[in-house]
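Dock chain one against chain two, each of which comes alone in its own frame, and use the hints as you go.
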Amino acid sequence: MALFFKRAQYDAPAPGANGQVTTVAARPQPLEASELRRAVDPATLGFKTTDELHPITGLIGQDRALKAIQFGVNIKSHDFNIFVLGPPASGKTTAVKAHLGPKAAEAPTPADWVYVYNFDNPNRPHALKLPHGRAKELASGMVGVLDELRSVLPALFESEDYQVRRRAIDEQFRSGQEEALEALNRKAQSQNIAILRTPTGFTMAPMHEGKVVKPEVFNALPEAMRKDVENKIETLQKELESILERMPKADKKRRAELSELNEEVAKHAVDASLDELIAAFSDVAQVSDYLAAAGRDLTRNVGLFLMSGEEEQNAIVRQPVDTARDARFRRYLVNVMVSNGVSGGVRAQGGAPVVEELNPTYGNLIGRIEHIAQMGTLVTDFLLIKPGALHAANGGYLLIDARKLLLSPFAWEALKRALKAREIHVEQPSEATGFSMISTQSLDPDPIPLELRVVLFGDRELYYMLSAYDPDFAGLFKVQADFDDTIARSGENDNAYARVIASIVKEHGLKPFDASGVARIIDEGARLADDREKLSIEIGRIADIVREADYWSSQAKRKLTTKQDVARAIDEQIQRADRLRDRAQETIARGLVLVDTEGARVGQINALSVIQLGTFSFGRPSRITARVRVGAGRVMDIEREAKLGGPLHTKGVMILWGFLAGRYALDVPLSLAATLVFEQSYGGVDGDSASAAELFALLSALSEQPIRQSLAVTGSVNQLGEIQAIGGVNEKIEGFFDVCRQRGLNEQQGVLIPKSNVQHLMLREDVVEAVRHGQFAIYPISTIDEGIEILTGVKAGERGPEGRFPGGTINRLVEDKVRSFAERVRGFSKGQGGNAADNSGGTQ
Amino acid sequence: MIAHVARSGEDRGRVVLQLGSVNPSAAALEAAVRVARAFQSEIESLFVEDAQLFDCAAYTFVREVSLTGRQRRVMSPAGMTRDLRHAAQAARRQLEALARRAEVPLRSRVVRDEPLRALAIACAESGPWNVVALAEPFTAGNASPLKQLLIEIPGTTGLILVGPKSRPVRGPIVVAVEDSERLPALLRAAGRLATVDGADIVLLLIATDEERLARMDGEARLVVDAREDVRIAHAEVARGEAAVIAEALRRLRGGFVICQFGGLTVPEEGDLRPLASVLESPLFLVR
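Those protein sequences? They're chains A and B, same order as listed.
Sequential numbering of the first sequence, starting at 410, is according to our numbering.
Sequential numbering of the second sequence, starting at 47, is according to our numbering.
Not one of these hints is a red herring.
PhoX-like cross-link-like pairs, simulated, lysine-lysine; straight-line CA separation at most 20 Å:
hint	chain 1	residue 1	chain 2	residue 2
1	A	512	A	485
2	A	485	A	825
3	A	506	A	485
4	A	641	A	620
5	A	661	B	211
6	B	211	A	662
Some chain A residues judged to face chain B by a derived CB distance under 7 Å, without partners named:
hint	residue
7	579
8	610
9	612
10	623
11	624
12	639
13	650
14	654
I should point out that these hints are in silico values taken from the structure, not numbers from a laboratory.
Bear in mind that the values here come from a model prediction, so they are computed numbers and not experimental data.
Every residue gets a Cβ at the ideal spot worked out from N, C-alpha and C, and that includes glycine.
So here's chain B without its partners, still in its complex pose (with noise of 0.2 Å):
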C-alpha cells in the first residue's frame, strides 16, 4: 500500500495488524498507529484466533507449559476461548488507547482460522493497499516466513515489523537505498512518516561496491536538491554481510528503517538475526 500509495499520489490505504496469542509488542502497535497516522489511513486490527490451539485443547493428555516452565495446566476449548478472548481483549484496549491519542480510524475483529489464511482472507477483503503490521516481534533465524507472508498476501506492499529489542525511540526516519530508482518512491514515504513527529530523513546508500556507492550518491543528490530535512549516509561497502548494514543502521539511531524486501538489509533467504539483534526502531520492509 505504503509505496504503491506514495508512488500514485493517493492518500489512502489500510493497515492491517495481524494480532494473536503472543503478547503484542508495544512498539509494534506504535509504529502501525504511526503509519496510519502519517498515511491517514486507518488501522484494522485482526486477532486470529489459531484454529490449532483449539485442536490442543481437545487433547486429554496435552498439557499447557507456562512461559517460566514451572507449571503444567490441563487444557480444554473452553479454557483456550476464555484465554484467547482475554488476550483480544487486552491488545484491543493497547490499540484502541494509541489509535485514540492519535487520531487514527480502527476496526478490530477476531477471527479463528490458520494465522497466514487468516491475514489474506482480510487483507482480499479490504483490496489492493494494504500494508501488513505483525504485532509479534521477529525472531526468525532466516527470512524465509516474511517471504512466504508476502507471496501468500499478494495485496500487500510492506510489512511492518519489530525486532525482539525494539521500543518507542525517536530518530531520523531511515531509509535503506540498495536501488536508486526505488529512492524517490520511498523518500516520499519516509516524507510522510516524517510528517508525524517533523523527524528529519537520512538516506543510507548501501551497495556492494565503491563503484556503485559513489554512482548512487550522485542520483540521491539529483532526487534530494536541495532538501534541508534530508541527509545521505554511506554504509560501509557491505559485499554481501548482512551484520555490517545492521550495524550502519544501528549507529544511526533511526526512528524508522524503511527498507526493500530481498535486497542485501533483509535477504529472502538470508539470517535475519543480525538486524534483530541490534535493531531498535521499526522496519517497514518494503516489497
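Looking at chain A on its own, in the form it has when it is part of the complex (with noise of 0.2 Å):
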C-alpha cells in the first residue's frame, strides 16, 4: 500500500551509492488529530452534576466474575473455595465483600469453640462446641464457681466443724506416734537405758542418773550386769524399729483421712458452686461432661483453694490477685476460641463471619500455641493456644490476598492441610512441617471441625503459577473469578462510569464532580486501558484522580470540581513520578545520549521504548544503529552477544533474518554478516516492539538509503514483512513528541506506529494539539514497505513478472546488494577455497 506525504516541507531523500532512485510520487498520509484520542463530550453525559447521578455500589462490566462469585458463594461443597483474579485495586475486594455481606447477614450463625483443661491428659486440651454466643458465658461461668469457692472454700476449712474433725486425725496419728514413742522412751528411761537422736537416726545407750554411762565405767561392771543391759537395749531397739516402721503407714493413712474429709467438705460446696453453670449448660452434653470432670479436679485439689498464689506472696502491695490471672486456677479457666453473636455483653446481629486476613501468616491463619518463659524454660497451657482466621471465619468466609500467604512460610501449606482434613488442627509450625529444633513442652490440641468458603485474591499469574505448579490447588479452589481489567466503551459504560465517579464522590465526602470532570476521568480511564476503545476499572487508581480533583478544586476555591482540577490532579500525578524521564529528556537535550530529530542517516533509526516506574510509564527514544558486510548469513545481536538482550528481543532480530533470507536470498545463499545495536544501552533490552526499526536500519544499511532521522519507530514485525501492534504505543509518542518539542517542532517530525495500534491511541492533548496543527506527525503502517517509504522517501517496490523487484526502489538495492555479496562471497571460494566470507571487508 503507498502512502503519501502530508506536508510540503516532505525532505527529499538523498542519493545513495546505488545512484538514482526512485522517489515516492505523493505524501503518505499521516493520522488526523481526531484519530489521536477519543475525548467525551461532556454535553453527551446527561447530567450537570455527579449530584444528579445514582452511586453505583457495585461494579460495572464484570459480569462474568460477579456470577462466579455468587455460583461459589452458594454452591455447598467444601472444596468449591473462590480464587478470585484480576488486577489489583480493581475492586475485587469490595465487590466480593458486597456480595458475601447479604450472603452472610443470611446465613445461620455458627457455634462458638471454646478449649478447656483436659483432666485426665494435660497436653491433650478438649475442644468444646457450644451454640452460638454462649463460650463467654460459660468462661464467665467459670470465674465465677472460681470467685465463689475462693470465698467459700477457706472459710468451710477455716470452720470450728472441719478444724474439730481434722485435728481429731491428726492427733489420732500424732498421738499414736508420739505416745508409743514416748512410752518406749519411759520403758528405757525404767530400765536405766537412754535414747538419743543422732544426725542420721536413733541411738541407746545404758544411763545413769540421766547421763549415758561411760564406756569404760559400763565394762567394769560384771559381766551379767553388761549382758543384761545389752539384751535390754537390742529389745528395745527392735521395738524402737517396729515404731519407726509404722510411721510411714500411718502417716499415708492420717493423709488418706485427710484427703476424705477435704474431699467431703469440698464436694458440697464446690457441688453447689457448679448447680447453677451445670443448669445452664445441661443442654450441651459436652460441657456437660466437662464441668463434671472439672467439679471432680476441684474437690480433689481443694488444696489450691486454701493457700495464697505465688503472686499473691510476692506482691509488694499485697491484694488478691483477680482468679482470671492466678495461676493456681488456671486449668480451671475457659479459654474462648470463637464467640460468635455476642459483642460486649449485647446480642449481636446474627449470620455467619466475613473474616478479612491481612497478614495471613502461619499463626494468624491457623492460631498458634504461644509460649511463656518459666524458671528458664518454655511451658505452656491450653489457655495458651490463640485462634487464628480460620476459627474466626469458620462458619463463613474467609478473604486472603494469596500472594501475601504465599510469601508467608508455612502459611499456604497449612491452609491447605485444614481445607482438605476439614478441620483446623493448632500446631506448631516447626511440629507440621517435623522440623523442630527445640524441644518445649507443647500441646495436642482437640481438631475443629472447620467449614468455611476461602476466598483467594490474586493476580492472573500467580492464578496460572498455582494451577501448573500446585496440584492440590486445583482440587481446593475450583471457582474463578476473574475480573477484567478494562471495559468496552459506550455510551452506556460512560455513563456507568459516571456513577461509579458519583459513588467514589459519596463515599469519600467529596464535592460534586460537573460533566467536563467526569468526562476528563473517563478519558484517562482510556489512557489508564491503553485502549481508546476501552475503559480502565482499576477503581483504585480512578478513586485516587477523583479525590486529586477535589483537593485541586478545593485549592482553587471552587464549589464543583472540574475538567481543570482532573487536569491537574493528572499533572501533578505525573510530576510527582516523573523525575527519571526528565533525566531522560535532559541527556538527549545535553547530548549526552544521542539521537537525531533531523536530517537522514543510512543504519541509524529512532526506535522507542517505554520505562515503567511503578503506575508510571514514559517512553523514550533510543538509537539502534546497523552495519552490514560479506559474511557467512548472520545477524549479530550485540544486545544479545553482551547478554543484555532478553529472549523478545533474540526473538525479534531473528525473525528480521526470516524476513530478509524470505524476501532477498530466495536462489542465492545469503552472504551477509550485520551487526544490530541500541545505542548507549546499558541495561537489559527486552520486547519486540523495535523489531520492525531494527529491519528498517538493516534495509537502510542494504541499501545504502538514509533515513529520515526526525521520526521514530515503533512496531514487532514478522517474516513476512508484516508490521505488528505492540504495547505502550502512546507513552512511545509521546516520549519522542517531548524530545521534539524540546528542541523544536519543525513539521517534519513523527512516529510511525502498527496500524493496527490506531485503536489505542489516547494521547495527550498536547500531542494531538501539535498534529492539529502540523507540527507532528502520526503514521499508520502495516507493512515494511509503507514504513520504508516514509522513512526513506523511496519506493519499496514490488517484484515484477520477471521475478525482479523495479530498478531504484528500495527492494531492488537490497536484492542487489544480497546478490553482489553472495557473488563476491562465490569469488572468494573459487579464488581461495575455505570461508573467505568472514576475511572480507564490510562495507554499509
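See below:
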C-alpha cells in the first residue's frame, strides 16, 4: 500500500551509492488529530453534576466474575473455594464483600468454640462446641464458680466443724506415734537406758542418773550385768524399729483420711457452686461432661483454694489476685477461641462471619500455641492456644490475599491441610513440618471441625502458576472469578463510569464533579486502559484521581470539581513520579544520549521504548544502528552477545533474518553479516517492539538509503514483513514528541506506529494539538514497505512479472546488495577456497 | 534481750541459735534471722555436738537405728564425729544463705558438750541481752523443758520456737496479751518485727473473764491510740484452756506470734500439744 506524505516541506531523499532511486510520488497520509484521542463530550453525558447520579455500589462490566462469585458462594460443596483473579485495585475485594455481606447475614450464625483443660491428659486440651453466643457465658461462669469457691472454701475449712474433725485425725496419728515413742522412752528410762537422736537416726546407751554411762565405767561392771543391759538395749531397739517402720504407713493413712475429709467438705461447696452452671448448660452434653470432670478435679484439689497464690505472696502491696490471672486456677478457666453473636454482652446481629486476614502468617491463619518463660524453660497450657483467622471465619468466609499467603512461610501448606482435612489443628509450624530444633513442652489440642469458604485474591500470573505447579490447588479452589481489567467503551458504559465516580464522591464525602470533570476522568480511564475503545476499571487508581481532583478543586476554591481540576490532578501525579523521565529528556537535550531529530542517516533509526516506574510509565527514544558486510550469513545482535538482550528481543532479531532471507535471497545464499545495536543502552533490552525499527535500519544499511531522523518507529515485524501491534504506544509517541518539542517542532517530525495500534491511541492533548496544527505526525503502517518509503522517501518496489524488483527501489537495492555479497563470496571461494567470507571487508 | 532492748531503748542484742544433731527447721532458721534483722542484732549459731553421743558410739554393742527403722548401723566415735561435722556444715550453709540475704551478721561455732550447758555458757559469754532460738521444732507434751531452759540460762530474755507444723508464712505480727502492763514493751517488739516486711500488728487480748477482758481492751486502746497498723482482737474467754487460745491464734494466721511464758498461752507446766498442733508461725516466747 502506498502512503503519501501530507506536508509540503517533505525532505527529499538523499542520493545513495547505487545512483538514482525512485522517489515516492506523493506524501504518505498521517492520522488526523481526531484519530489520536477519543474524548467524551460532556454534553452527551446527560447530567450537570454527579449529584444528579445514582451511585453504583457494585462493579461495572464484571458480570463473568460476579457470576462466578455468586456460584462459589451458593454451592454447598466444601472444596469450591474461590480464587478471585484480576489486576490490583480493581475493586475485587469490595465486590466480593458486597456479594458476601447479604449472603452471610442470611446464613445461620456458627457455633462458638472453646478449649478447656483435659483432666485426664493435660497435653491434649479438649475443644468444646457451644451454641453461638454462649462461649463467653461458660468462661465467665467458670470464673464465677472459682470466685465463689475462693471465698467459700477457705471459710469452710476454717470452720470449727472442719477443724475439729481434722484435729481428730491429726491427733489420732500424732498421739499414736508420739505416745508410742514416749512410752518407749519411759520404758527405756525405767530400765536405765537412754534414747538419743543422732544426725541420721536414734541410738541407745546405758544410763545412770539421767546421763549416759561412760563406756569404761560400763566395762568395769560384772559381765552378767553388762549382758543384761545389752539384752535390754537389743529389745528396745527392736521395739524402736517397729515403731519407726509403722510411721510412714500411719502417716499415709492419716493423709488418706485427711484427703477424704477434705473432699467430703469440698464436694458440697463445689457441687453447690457448679449447680447453676451445670443447669445452664444441661443442653450441651460436652459441656456437662466437662463440668462434671471439673467438679471432680476441684474437689480433689481443694488445697489450691486454701493457699495464697505465688503472685499474692510476692506482691509488694498484697491484694487478692484476680481469679482469671491466678496461676493456681488456670486449669479451670475456659479459653474462648470463637465467640459469635455476642458483642459487649449484647447479642449482636447474627449471620456467618466474613473475615479478611490482612496478614496471613501461619499463626494468624491457623492459630498458635504461645509459650511463657518459666524458670528458664518455655512452658504452655491450653489457655495459651490463640485462635487464627480460620477459627474466626469458621462457618463463614475467609478473604486472603494470595501473594501474602504464599510469602508467609508454612501458611499456604497449612491452609491446604486444613481445607483438605476439614479441621483446624493448632500446632507449632515446626511440628507441622517435622522440623523442630528446640524441644519445648507443647500441646496437641483437639482439632476443631472446619466448614468455611476461602476466597483468595491474586493476579492472573499467580493463579496460573498455582494451577500449573501445585497439584492441590485445582482441587481446592474450583471457582475462578476472573475480573477484567477493562470494559468496552460505549455510551452506556460511559454513563455507568460516571455513576462509579459519583459513588466514589459520595463514599469519600467529596464535592460533586461537573460533567466536564467526569468526562476528563473517563478519558483518563481510556488512557489507563491503553486503549481508546476500552475503559480501565482499576477503581483504586480512578478513586485516587477523583480524590486528588477534589483537593485541587478545593485549592482553587471551586464548589464543583471540573475538568481543570482533574487535569491538574493527573499532571501533578505525573510530576511527582517523573523525575527519571526528566533526567532522560535532559540527557538527550544535552547531547549525552545521541538522538537525532532531523537530517537523514544510513543504517541509523530512532526506536522507542517504554520505561515502567510503578504505576507511571514513559517513552524514550533510542538510537538503533545497523552495519552490514559480506559474511557467513548471520545477524549479530550485539545486545544478545553482550547478554543485555532478553529472549523476546532475540526472537525479534531472528525474525528479521527470516524476512531478509525470504524476500531477498531465495535463490542465492544470504552471504552477509550484520550487526545491530541499541546505542547507549546499558541496561537490559527485551520485547520485540523495536524489531521493525531494526529491520528498517538493516534495509537502510543494505540499500544505502538514509533514514529520516525526524521520525521514530515502533512496532514488531513478522517474517512476511507485516507490522504488528505493540504495547505502550501512547507513551512511546509522547516520549519522542517531548524530545522533538524540546528541540523545536519542525513539521517534519513524527512517529510510525503499527496500524493495528491506532485503536489504542489516547494521546495527550498537547500531542493532539501539535498534530492538529501540522507540527507533528503519526503514521500508521501495516507493512515494512510502507514504513521504508516514509522513512527514506524511496519507493519500496514490488516484484515484477520477471521476478525482479523495479530498479531504483529500496527492495531492488537491497536485493542487488545481497546478490553482490553472494557473488563476492562465490568469487572468494573459487579464488582462495575455504571460508573467505569472514575475512572480507565490510560495507554499509 | 528483745523485750528488754525494746524497753530500754537499746538497739542491739544477740540471737543465739542452738543447732544440734536433729535436722534444723527451715522456719526456725528464718525466724531467727528475721528477729536479728528486726533488731539489727547479730546471730551466733551454736552447733552443739552432744558429748553423750560419743559415749554411745564407743559402745561396741550399741547400734544406730535409722529414721525409717529399717536399718541398723555400727557406731564409732570417728563416724559420729564425721556425721556431726556434716550436719553442722549443712546447717551452717543453710543459715549463711539466709543471713546473707537479710544482711544479718553471723558468727558460727561448734562445741562438744551437754546441750543445755553449752547454751548457757554461750549466752553468759555474750552478755545479758540474748534471745535463744531453737532450731529443733518443739513437740514436748509439756512446757517443763522450756522452763528448765529459762532457768538454766538466766541471761536469756526470750525464746524463739517453731512447732512441727511451722512453715514460712506471711501474716500479721500477733501479740498474745495477757497482762496490760507488758503491752507497751510487747508492742514495741512487735513493731520492730513488723518493720521487716511491713506487716500489720494484731493484739489478741486473752483473759479468763469478760470483765478483765473489757478492762484490757480499754487499756490496749489507750496504748494503741490512733495507730492504723494495729488492730485489737479478742480471744474467747479462755478459762485456762490452752486449746481455745491456740485456735484463736490459728485463726489470726499470724506471721509471727509473740507471747509471754508462764501465762495462759504457754503455761509453765501445761500441755503444749494444742499449740504445737495448730501453730504454723514461729513463736517468740518472752520471759
